[in-house]
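Participant: Below, each chain spelled out in residue letters.
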Amino acid sequence: MAAPRIAHPGTDDYSMAELMAVEMSRNLAFDNGLTGGVGTSATIPMAAVRLATLTVAPDLTWFCGASAGINPTFSELPLSAHDPTAFVGAEAHVPMMRTVDLGMQGARWGFGFNGGIQVDRFGNCNMIGIGPYDSLRMRGPGTVGVIWAASMCHCYLYFNHHSTRTLVEKVDYISSPGYNYDGSGRWAGLKPTSTGPRLVYTPLCVMDFTEDTCELRLRSVHPGYTVEDVLENSGCSIVVPDEVPTTAPPTQLELMLLRTQIDRTGTLRDFQVTYG
Amino acid sequence: MAAPRIAHPGTDDYSMAELMAVEMSRNLAFDNGLTGGVGTSATIPMAAVRLATLTVAPDLTWFCGASAGINPTFSELPLSAHDPTAFVGAEAHVPMMRTVDLGMQGARWGFGFNGGIQVDRFGNCNMIGIGPYDSLRMRGPGTVGVIWAASMCHCYLYFNHHSTRTLVEKVDYISSPGYNYDGSGRWAGLKPTSTGPRLVYTPLCVMDFTEDTCELRLRSVHPGYTVEDVLENSGCSIVVPDEVPTTAPPTQLELMLLRTQIDRTGTLRDFQVTYG
Amino acid sequence: MTDQTFTLPQRRSKEISLEEAGALIAQRKRLAFGNEPMALVRAALRAGAEGLTVIPPVTTSLSTDLLIAAGAVESLYVCYIGFETLGMAPAFRRAAESRTIEVVEADEITVILGTRTAAGGMPFAPVANIYEATDLPRLNPDNLRRVVDPFTGTETYAIPALRSEICLIHAQEADIYGNAICLGSNNQEADKALASDFVIVQADRIVSTDRIREQPYRTSLPSNLVDAVVHAPFGNHPLVSGRHYQMDVPHVRTYLSMVKEGRAQEYLDTYVYGPKDEWAYLELIGMHDLLTLQRGV
Amino acid sequence: MTDQTFTLPQRRSKEISLEEAGALIAQRKRLAFGNEPMALVRAALRAGAEGLTVIPPVTTSLSTDLLIAAGAVESLYVCYIGFETLGMAPAFRRAAESRTIEVVEADEITVILGTRTAAGGMPFAPVANIYEATDLPRLNPDNLRRVVDPFTGTETYAIPALRSEICLIHAQEADIYGNAICLGSNNQEADKALASDFVIVQADRIVSTDRIREQPYRTSLPSNLVDAVVHAPFGNHPLVSGRHYQMDVPHVRTYLSMVKEGRAQEYLDTYVYGPKDEWAYLELIGMHDLLTLQRGV
Chain A
1 MAAPRIAHPG
11 TDDYSMAELM
21 AVEMSRNLAF
31 DNGLTGGVGT
41 SATIPMAAVR
51 LATLTVAPDL
61 TWFCGASAGI
71 NPTFSELPLS
81 AHDPTAFVGA
91 EAHVPMMRTV
101 DLGMQGARWG
111 FGFNGGIQVD
121 RFGNCNMIGI
131 GPYDSLRMRG
141 PGTVGVIWAA
151 SMCHCYLYFN
161 HHSTRTLVEK
171 VDYISSPGYN
181 YDGSGRWAGL
191 KPTSTGPRLV
201 YTPLCVMDFT
211 EDTCELRLRS
221 VHPGYTVEDV
231 LENSGCSIVV
241 PDEVPTTAPP
251 TQLELMLLRT
261 QIDRTGTLRD
271 FQVTYG
Chain B
1 MAAPRIAHPG
11 TDDYSMAELM
21 AVEMSRNLAF
31 DNGLTGGVGT
41 SATIPMAAVR
51 LATLTVAPDL
61 TWFCGASAGI
71 NPTFSELPLS
81 AHDPTAFVGA
91 EAHVPMMRTV
101 DLGMQGARWG
111 FGFNGGIQVD
121 RFGNCNMIGI
131 GPYDSLRMRG
141 PGTVGVIWAA
151 SMCHCYLYFN
161 HHSTRTLVEK
171 VDYISSPGYN
181 YDGSGRWAGL
191 KPTSTGPRLV
201 YTPLCVMDFT
211 EDTCELRLRS
221 VHPGYTVEDV
231 LENSGCSIVV
241 PDEVPTTAPP
251 TQLELMLLRT
261 QIDRTGTLRD
271 FQVTYG
Chain C
1 MTDQTFTLPQ
11 RRSKEISLEE
21 AGALIAQRKR
31 LAFGNEPMAL
41 VRAALRAGAE
51 GLTVIPPVTT
61 SLSTDLLIAA
71 GAVESLYVCY
81 IGFETLGMAP
91 AFRRAAESRT
101 IEVVEADEIT
111 VILGTRTAAG
121 GMPFAPVANI
131 YEATDLPRLN
141 PDNLRRVVDP
151 FTGTETYAIP
161 ALRSEICLIH
171 AQEADIYGNA
181 ICLGSNNQEA
191 DKALASDFVI
201 VQADRIVSTD
211 RIREQPYRTS
221 LPSNLVDAVV
231 HAPFGNHPLV
241 SGRHYQMDVP
251 HVRTYLSMVK
261 EGRAQEYLDT
271 YVYGPKDEWA
281 YLELIGMHDL
291 LTLQRGV
Chain D
1 MTDQTFTLPQ
11 RRSKEISLEE
21 AGALIAQRKR
31 LAFGNEPMAL
41 VRAALRAGAE
51 GLTVIPPVTT
61 SLSTDLLIAA
71 GAVESLYVCY
81 IGFETLGMAP
91 AFRRAAESRT
101 IEVVEADEIT
111 VILGTRTAAG
121 GMPFAPVANI
131 YEATDLPRLN
141 PDNLRRVVDP
151 FTGTETYAIP
161 ALRSEICLIH
171 AQEADIYGNA
181 ICLGSNNQEA
191 DKALASDFVI
201 VQADRIVSTD
211 RIREQPYRTS
221 LPSNLVDAVV
231 HAPFGNHPLV
241 SGRHYQMDVP
251 HVRTYLSMVK
261 EGRAQEYLDT
271 YVYGPKDEWA
281 YLELIGMHDL
291 LTLQRGV
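Chains as they are written, first to last, in the working numbering: chain A, 1 to 276; chain B, 1 to 276; chain C, 1 to 297; chain D, 1 to 297.
Heads up, a few of these hints could be off.
To be verified - With a cut-off of at most 30 Å between alpha-carbon atoms, the simulated BS3-like pairs for lysine-lysine come out as follows:
1. D:K14 with B:K191
2. D:K29 with B:K191
3. D:K260 with A:K170
As the list claims (entries may be wrong) - To be clear about the criterion: a stretch of chain D counts as covered by chain A if any three or more of its residues have a C-beta under 8 Å from a C-beta of chain A, and this derived list gives those stretches:
4. 86-98
5. 235-247
Said to hold, decoys possible - Short, incomplete list of chain C residues facing chain A, as computed with Cβ under 7 Å:
6. G120
7. N179
8. P222
9. S223
10. N224
Hints listed in this document are in silico derivations from the structure and should not be mistaken for laboratory results. Computed from a predicted structure; not experimentally measured. Where a beta carbon is used, it is the ideal one built from N, C-alpha and C, also for glycine.
Produce the entire structure from the sequences given, and follow the hints as far as they go.
Facilitator: Pasting the structure below:
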C-alpha cells in the first residue's frame, strides 16, 4: 500500500484545502436562510461556512461544533471546531442539548457537514469500522453526530483523503444514511423533510448524485487533476457526465475574504489533504 | 363574613411577618446541607431562607423562584421571587428545566415552601378551587410547583392568612399531597424519599404533624395570640398538646441580620398577614 | 458578487411593525407565551385575535388575564395564573367559574416538560411517581396517560408534547435578525420557541449584532429560533422588565379593581382599543410614569 | 449562635486532595466524564482504578484513551473517540480490534439524550424516525427498544436513561463549595452531573464565591450539583482548557506515537505512575512549556 500523496492544485496561489473551502462556500448559496452545523475534523467546512455567510448566504445560521458558538466570527481559523477559540465573536452559545433538539425536530436543521472512514456510491457513510463486527480489521471512531444525516434536511459529505479505501462500493456499516442500494432513492422510514446527501467533497473532486437512482456522479475535478485520477483513486463506480468541468479557482474576493477575515494565520494554506 | 384582621405580635419591635420569617429560618437548621426552593407569593419564605443561610444553615442551597437565582444575596427583599431584583448576588442562574429535573429526581430536592387556597388537617393543599369541579364557587390559581411536594424530601407549608376557610377538615382538591386521611401516614405510591410536610406556618401559629397519624398539631402560638384564637379561627380540628409554648421573638442578632442584610427597605415590617 | 465593488450582500432583517405582528397572531389559534409580552398582547387584541388556546409560562398574570378579559380565550393551560401578593387573576377567575373558558388543569410538569418534549421533537415524555394522591390525573385525563418502560417493564405516567402555532416573547434587547436577550427570566423562552411554528420577539431596545456578540452567553434566543422582531419600547408595561423597569403597581391595581367591579370593558377601551397604536398607549401612560419606573431595577 | 460575638457559622468546604479524589474514583465502576479532566484521570490510575464502564462526552480523546491504554476500561460507550486531524485514538483502536474492551455502539442521541433523561429523573426517552437505514439498532439492541406513544398509538424507538456512579469534570474556575465555571464547552457538564451519584470537579483555579457572584450566568455547575472540588492547576494538560491554555500538541503527538509503537506502558510509567503526584507531573512537563501554552488562548 503506497503512502498517501498530498493533493496540490498545480499552482501556489492557493492550497487545495483553500480551494475546497471556497468551492464548499459557493454551494452554500442553496442554504441561505437555513440553519446548519459542522462537527469533528471540520477545519475546511468551518472556513467554508464562515465564508458563505460573507458572500452567498448572509442569512445562513450555523453552529460551530463543540465550541458551541452560533455564527462565530473568528479571524484565526482553528484546526478543530472543538477548540474554544472557534467560539470567538459568536452571537450565541448553543448547548449540546439544543443541537439534539434541532436534530430530533429535523426540519429546523437545514444542513450539516458529515464525513466518515468510508462512503459508498449511494452516499452512505461509515464511522463504525471495517470488517466483521466481532473481528473488526479497523475500528472507527464512532457514529457521533453523523446520525443526524437521517434527520436534517440535507447534508454535505467531505473527506480529507480520497482513496480506494475511502470511496467504496458499499460501506461495511451505515452510521449515516444516504440512498437505498436498490436505486429507489432515499431510504424509507426517515423524516420526509430529510432528503439525503447533496454533494461530496474530496481533495480531487466534487461529486453529486444522479437525480433518478441517486448514485455518485462527478461534478467537477479540482485543478491539477483529471477524471482518470479520480476514477483510479476510487473504490466504487462513479457516473461520469460527458462534460466534467474543472472546479473554478478561488476569485480574488473569495481569497481576500478567506485570508483576511477568516484564516489570517494560514491554517488552510498549510493544511494537507491527500489521495491514493 | 367579617373582614380579615391584621395579625400583630403585641409589640412594635417587630412585625408578625418578621416573626414568621425568623421562626421559619430557625427550623431550617434541619435542612443544612440540602437544596431547597421557594415559589410564588413567597415574600416571607425568601427572607427566611436567606436568614437561615447566615445563621443555622450555612450549607443550605436554595433557588429563588422565577428570578432563577441560586443563593441570591439581595439586601432589598422584593415582594416576589418573580421580581428580577431577587436574583441580585446569586451564585448561579438555574433554568426552569433544572427545577423540574430536581423535582423529578426527588431525592436531590430537599425542601420547598408551599401554600394554597386550602390546607387540611392531614397537610394536603389545594390550589385548584372550591366546590364541584363543573361549578366551582371559587377557582384557584392552579397547581404550579406545589406538585413537587410529592417528590421533594419534605416541604413547609405557609399561609399569609389564617381562617376557617383556609384551614379545613378536607381540601376540595389535592394539588400537593400531605398525608392519608385514614391516619396511616404518607400517601402510597410517591417517592419513598418524599416524607411529606414538616411544619405549617400561619400568622397565628406554627403547627407540625403527630408522629403516628400525621394530623395537624399545635407547636407554638405567636406572641399576641392564644391557643383559643388559633382554634377559633381554624376550620379543622388541631391536636393541642398540654403545653403550647409561645413562638420565641426574634433575637437581636436575627433582627439585625434581617434588617441590615436582607430587608433594608422594610418589606416585611410593612407586610400584612391576617386572620379571621 | 462583484470583485470590483467589494459590496457584500446584507443579512435580511426580521423586523416587522407591531401592527403586522398583531395580524400574524390573529391568524392563529394555539398561542404560547415565553414570558408576558404585553405590547404583543395588546396588538393581538387590536387585530381581533379570538378563540385562542393559550399556553402561558409557568406563572402568568396580566398577559393571560387581559386576553381572557377581552373574551379572546377559548381554552387555557392553567399552571399558575395570578398576581401573587396583589391578588387573584380576576378575569380568569370569573371566566373559569362561569365556565366561559375551558381549563386544562396543568402544573409545572405539564408545561415545562411538555414544552421541552416538543422542543426536542419527542412525541411524549414518561413521568414517574409524582401524581399519585393528587387530583390531577382525574381532572386531566387527556394529558396524563400510562406507558410501560420497555427497559424495565415498569408502568409510568406519560405527558404529551406541547406545541404551539405561535409563540410570543418579551426581550430586553434584540437585534433585527432575532438574537434576543431576556433578562430576569428562568429560561422558559428557548424551549417555548423551539416548540412553536412561528416566533415573535418584542424588544424594549433594538441593539446592534456587535453588541449581541459582546455577551454571547447571555443570548436567550439565537436568531434561528426567531421569525420576527418588533421594536416595543416599554413593551412590557405595566409588568416588569428585568433591569429595564419595574412593574407599574398602581396601574395593575387599577386593572384588578376595574375587572373585579365588572369594568373590564372600560379598561380595554381605555388602554387597548382606545389608543390607535402602542405609541398612543405610551403617551396615555405618560413619560413621567414610564421613566420613573426605571428607578431601582 | 452567640449574640455577643457576631460570629456566624462557616459554610463547609468541599475541597479534597487529588489523591483523595483518585481513591474515590477507584471505588466506583460506572464513570462519566463531563469533559476531559486529565488530572483526575491520572489520579484515578495512580489509585488503581480498574474494570470501569466509561460514559465519555460526545467527543473524547486522551481522557478515555489513556484509561484504555492503562487497561482500566472494561466497557465503553463509543460516540466519538479520536484526536480529529491528529489521528485516531490508538489505545481504543487496539483494544476494540482485539476485543479486550466491550463497546456500546452509541451516538449523540444515546449519550446526550440518555444523560438528559437520567438528569431529569425519567426512565427512558422516546425517539422517532432517526435510526432507520442505519446499523445502530442491530449493533445496539440493548439501548434501542420500541415503545408505543400512548397518545397517538405510533411506535417509536426508546433509549434508556444513562446514569453514572461518579462523574468527573474539568473547570477553569471553581470555589471551594463547588460552584464551577467551564469555559469553552457546550454544556454537557450539568446534565452529566445531575445524572451521577457523585460529582468531582477539578479546577485550574480556586476562586472566591464573590467572584462567582460577579457572573452568575457563567456558572456551569452550581454548588449543589458538586460533591467534591480539587485544585488542579494546569489540570487538563496536555489537553486544552478554554481561555486558560492550549492543547500541548507535541505532547499529544508523542503519546499517539508511543501507543502506536506499542510503548503505552512507557508513556504511563513516565507521565502517570512515575510522578509521585500531580505537582511532580507538572515539574516533569516544566514551567516553560506550561506557561507558553497560555499564549493565544
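Participant: What are the numbers of the hints the structure violates, in ascending order?
Facilitator: none
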